[in-house]
Amino acid sequence: MYGYSGKILHIDLTNRKSWVELKNEEWYKIYIGGVAMATRLCWENIKPGCDPLSPDNPICIAGGLFAGTVVPVGGKYGLASKSPLTGFIGDSLSGSWFPVALKRAQWDGIVVHGSSPDWVYVFVDDDRVEFRDASRLLGLGTFETEEAIREELGDDQVRSATIGPAGEKLVLFANVTNDGRQAGRTGHGAVWGSKKLKALSVRGTHGVRVADPKTLIKLSFDITETAQGPFTQKYRILGTSSNVLNLNRLGLLPTRNYQQGVFEHAELVSGEYLYENYRVKTIACAQCPIACEQMRRAKDGPYAGAMTGIEYECLFAVGPNCGISDAQAAIKMIDICDEGGMDAMSTGVTISWTMETFEKGIFKKQDFKCRKYPEGFEPYFGNAEAGVTLAEMIRDREGIGDLLALGTRKASAQVDAERGTETWKWAMQIKGLENPGYDARGLKTFALGASVVARGGCHNRSAAYDIDIQGEADRFTVDETRGWRAKESEEYAAVYDTLPLCKFIRRCFTGKADRAGAWPAIAQLINATTGWNFQYEDIDLIGERACTIKKAFNIREGWTRKDDHLPWRWMHEPMKEGPSAGYVVTEEELEYMKDLYYEARGWTKEGLIPKDKLIALGMPDVAEEIGV
Amino acid sequence: MRIRIEYLGLSRLVTQKKVEELELPSGTTFRGLIGLLSQKYPGLVGYVIQPGAQELQAPNILNVGGKKMVRGDQLDEPIADGDNVILMSMSAGG
Amino acid sequence: MPTSTSKYQYVTCDPTKCVGCQFCEYICSYTKTGEFNTYRSRIRTVRAQEVLITAVTCRTCEDAPCVIACPRDALSQDPNTGIIHIDANRCDGCAWCIEACDFGAISINPETKLAEICNQCEEQEDGPQCVKWCPKDALELTNPDRRAQKARRALAVEEVIGPR
Numbered sequence: 001m002y003g004y005s006g007k008i009l010h011i012d013l014t015n016r017k018s019w020v021e022l023k024n025e026e027w028y029k030i031y032i033g034g035v036a037m038a039t040r041l042c043w044e045n046i047k048p049g050c051d052p053l054s055p056d057n058p059i060c061i062a063g064g065l066f067a068g069t070v071v072p073v074g075g076k077y078g079l080a081s082k083s084p085l086t087g088f089i090g091d092s093l094s095g096s097w098f099p100v101a102l103k104r105a106q107w108d109g110i111v112v113h114g115s116s117p118d119w120v121y122v123f124v125d126d127d128r129v130e131f132r133d134a135s136r137l138l139g140l141g142t143f144e145t146e147e148a149i150r151e152e153l154g155d156d157q158v159r160s161a162t163i164g165p166a167g168e169k170l171v172l173f174a175n176v177t178n179d180g181r182q183a184g185r186t187g188h189g190a191v192w193g194s195k196k197l198k199a200l201s202v203r204g205t206h207g208v209r210v211a212d213p214k215t216l217i218k219l220s221f222d223i224t225e226t227a228q229g230p231f232t233q234k235y236r237i238l239g240t241s242s243n244v245l246n247l248n249r250l251g252l253l254p255t256r257n258y259q260q261g262v263f264e265h266a267e268l269v270s271g272e273y274l275y276e277n278y279r280v281k282t283i284a285c286a287q288c289p290i291a292c293e294q295m296r297r298a299k300d301g302p303y304a305g306a307m308t309g310i311e312y313e314c315l316f317a318v319g320p321n322c323g324i325s326d327a328q329a330a331i332k333m334i335d336i337c338d339e340g341g342m343d344a345m346s347t348g349v350t351i352s353w354t355m356e357t358f359e360k361g362i363f364k365k366q367d368f369k370c371r372k373y374p375e376g377f378e379p380y381f382g383n384a385e386a387g388v389t390l391a392e393m394i395r396d397r398e399g400i401g402d403l404l405a406l407g408t409r410k411a412s413a414q415v416d417a418e419r420g421t422e423t424w425k426w427a428m429q430i431k432g433l434e435n436p437g438y439d440a441r442g443l444k445t446f447a448l449g450a451s452v453v454a455r456g457g458c459h460n461r462s463a464a465y466d467i468d469i470q471g472e473a474d475r476f477t478v479d480e481t482r483g484w485r486a487k488e489s490e491e492y493a494a495v496y497d498t499l500p501l502c503k504f505i506r507r508c509f510t511g512k513a514d515r516a517g518a519w520p521a522i523a524q525l526i527n528a529t530t531g532w533n534f535q536y537e538d539i540d541l542i543g544e545r546a547c548t549i550k551k552a553f554n555i556r557e558g559w560t561r562k563d564d565h566l567p568w569r570w571m572h573e574p575m576k577e578g579p580s581a582g583y584v585v586t587e588e589e590l591e592y593m594k595d596l597y598y599e600a601r602g603w604t605k606e607g608l609i610p611k612d613k614l615i616a617l618g619m620p621d622v623a624e625e626i627g628v
Numbered sequence: 629m630r631i632r633i634e635y636l637g638l639s640r641l642v643t644q645k646k647v648e649e650l651e652l653p654s655g656t657t658f659r660g661l662i663g664l665l666s667q668k669y670p671g672l673v674g675y676v677i678q679p680g681a682q683e684l685q686a687p688n689i690l691n692v693g694g695k696k697m698v699r700g701d702q703l704d705e706p707i708a709d710g711d712n713v714i715l716m717s718m719s720a721g722g
Numbered sequence: 723m724p725t726s727t728s729k730y731q732y733v734t735c736d737p738t739k740c741v742g743c744q745f746c747e748y749i750c751s752y753t754k755t756g757e758f759n760t761y762r763s764r765i766r767t768v769r770a771q772e773v774l775i776t777a778v779t780c781r782t783c784e785d786a787p788c789v790i791a792c793p794r795d796a797l798s799q800d801p802n803t804g805i806i807h808i809d810a811n812r813c814d815g816c817a818w819c820i821e822a823c824d825f826g827a828i829s830i831n832p833e834t835k836l837a838e839i840c841n842q843c844e845e846q847e848d849g850p851q852c853v854k855w856c857p858k859d860a861l862e863l864t865n866p867d868r869r870a871q872k873a874r875r876a877l878a879v880e881e882v883i884g885p886r
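Residue numbers (the numbering used here), protein chains in the order written: chain A, 1 to 628; chain B, 629 to 722; chain C, 723 to 886.
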């Protein structure tokens, strides 16, 4: 078999054992890698209905088909567990060296079971598994942990996926970091922390062979050359942060906890402003010839020296969404999240909920007592120092940070239960996962996409905002095409998440990013790597299978139709200003679009999956368990 | 007629301007506007504007008033007097 | 091509252009071994403090210290090109050459435990594959005179026209 070793490594933290599971080529042809394989491993190894922070929730890592080869942007891996934020599948992707090391150690995936009595990190050295004491790593930031492990093991080539102090403290949206990139969302850091797993380190010394190296190199060379040109310019120079001004102009930039869609100070926290004043360098993940990671550093003031990669989704969450116009404070907040190991998006949206709850008089100044401010402080929207301090308090679970570390859904439920308030109405989350930087009141196809996607409030898994913004569909109204549009958009994204390949390469095959423009080249890459004979339809199936296995997992964990919802604000409070003002997503609109979507998928009206659909997709065992 | 054009992202880096007012012959289409910009700011060609064509290089796109995105098949529509046109490069992801 | 005023050529990396993608490492190992394996690459990227990134390979030093250091005369330096050749039959992996090399340009094959070093792909028709492949044009096969000339030109342009 080319492209795979045929082996999954199982690690049992409770009993300090490991064993090898063999998989056959047919299994790989269906699940490929990335989020689909990780979700499938989770399906196979989880105890259904378990508490996500219990030993029964497995950590499932799936490698990348192209990792460790010259295929551009192929250095990615998938990570899945049951999410402590949502109770549904938490599927994430990360990039750079870790999946390359995994491939060279000749593992297609790793499943971590149980939970360790003491803090441990696991070192996978080719085929040898070592359980090592992690007590001296506790409290170290994500990057620090990686470096400390390299120091201890004496090899720069050791690659580690780590949790930071936030994961150690079980912040529910803590993340897993490797090589400065994150498997960011849904709370993996808390799952690892609940198992007392500080890091997973891998060293792989074997070479990677492919079926047809000459073809693969030629294809990769051509794609790499195209990737230096105009199709990737937006990523290479300004980065995704250029979306701040774009969305501001469209009236879709979440401002002050999604109360408005226009931020009067957007220029000061824009990608253009950050580029002009704070740029350091643009760096790349392993195996990436684009280089999109925009490193920005704060130069002066109280946050001088804070440096990290800035993306739009982190920037909107801690900047405009918190009313904060101080770019250096925004860099600092994102840096706290990156070093501390927590999802900057969820952190920002949780802080904005906190700010609104304070401004509405429910939280008071003394609720914010902490070491830095023993009298408490007043987190008005726009209070940069409050934003920075709250991020630290959440990371450390200090004071009110202990409550906020639960995320907006649980925190608001707790507050409302205690005080008889209705803070849930401005908890901007879907299924418990905090929302991304697009206001769905002015993006009706995305409203559908965000409500139905398996892991919760996510732009990345749905990608349907593109349809609305580009004007392919009218973003302010609803019609009978939205169901299949959202489905196709989701499946398109799922192909990239499963191979995996970074989506930023999508235009570089032929100049057109649609299926006709991308699928043939992707099929060639797959075939040159594996020796298979995948055609256009097989690539379509990759996307459909990925979405289906995730949905099946959710159904088994108790999903019902009402879990595909939207935040109250998007359904009841229209924006008052800007080009997207005056709209909400009504109950009728949402339920109508969900009907269309389930129908387009071939599911029942309740959103359940017919048995023969699952069998046709190559998942007979799943059909047995949850097919109808 | 007079229109207002805003430059975001890459086009701002090239033109070194955030916004300006332009005098256009009435009836100018969006395609005509692109042609005009390619002459006024040659640096945009190959970068934001397709070389040898009066079209924008994906993912750069024109928008009117924050509401109407001008798709490729709409480039031959006329611009209205007083329109606020925005030249942006839409990014997916981040 | 070396002239009487230049010393040997070598592959060098511009750290302002290098993004650390490691394509050079993949294509080097593939060219030499048929596999993608950065442990077999003769050019290595290095990242320090997240943003200090460059790639390092043999600098074809005059009177190469690695050649002098080898106790078994396993290393030799071509007098015309400066390229270092390692005789695998003589090398016993003692790694004195690695001690002698200030740049870390010599590596050890993880299987045979013998030393390996860049030979500028002299067996390839189109020369160093890493230079050919680098997506950011950060790598160059060059010599010190040309490097200095480039720097002087860049300075002249900057002084007369102003920094870009």
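Just so you know, not all the hints are guaranteed correct.
What the hints assert, rightly or not - Derived lysine to any residue pairs resembling SDA-like cross-links, with alpha carbons at most 25 Å apart:
(1) B:LYS695 x A:ASP479
(2) A:LYS613 x A:GLU599
(3) C:LYS754 x A:ASP479
Keep in mind the hints are simulated off the structure, nothing from the lab. Remember, predicted model here, so these are calculated numbers, not experimental data.
Outcome of the hint check:
no.: 1; hint: B:LYS695 x A:ASP479; result: 18 Å, holds
no.: 2; hint: A:LYS613 x A:GLU599; result: 13 Å, holds
no.: 3; hint: C:LYS754 x A:ASP479; result: 58 Å, violated
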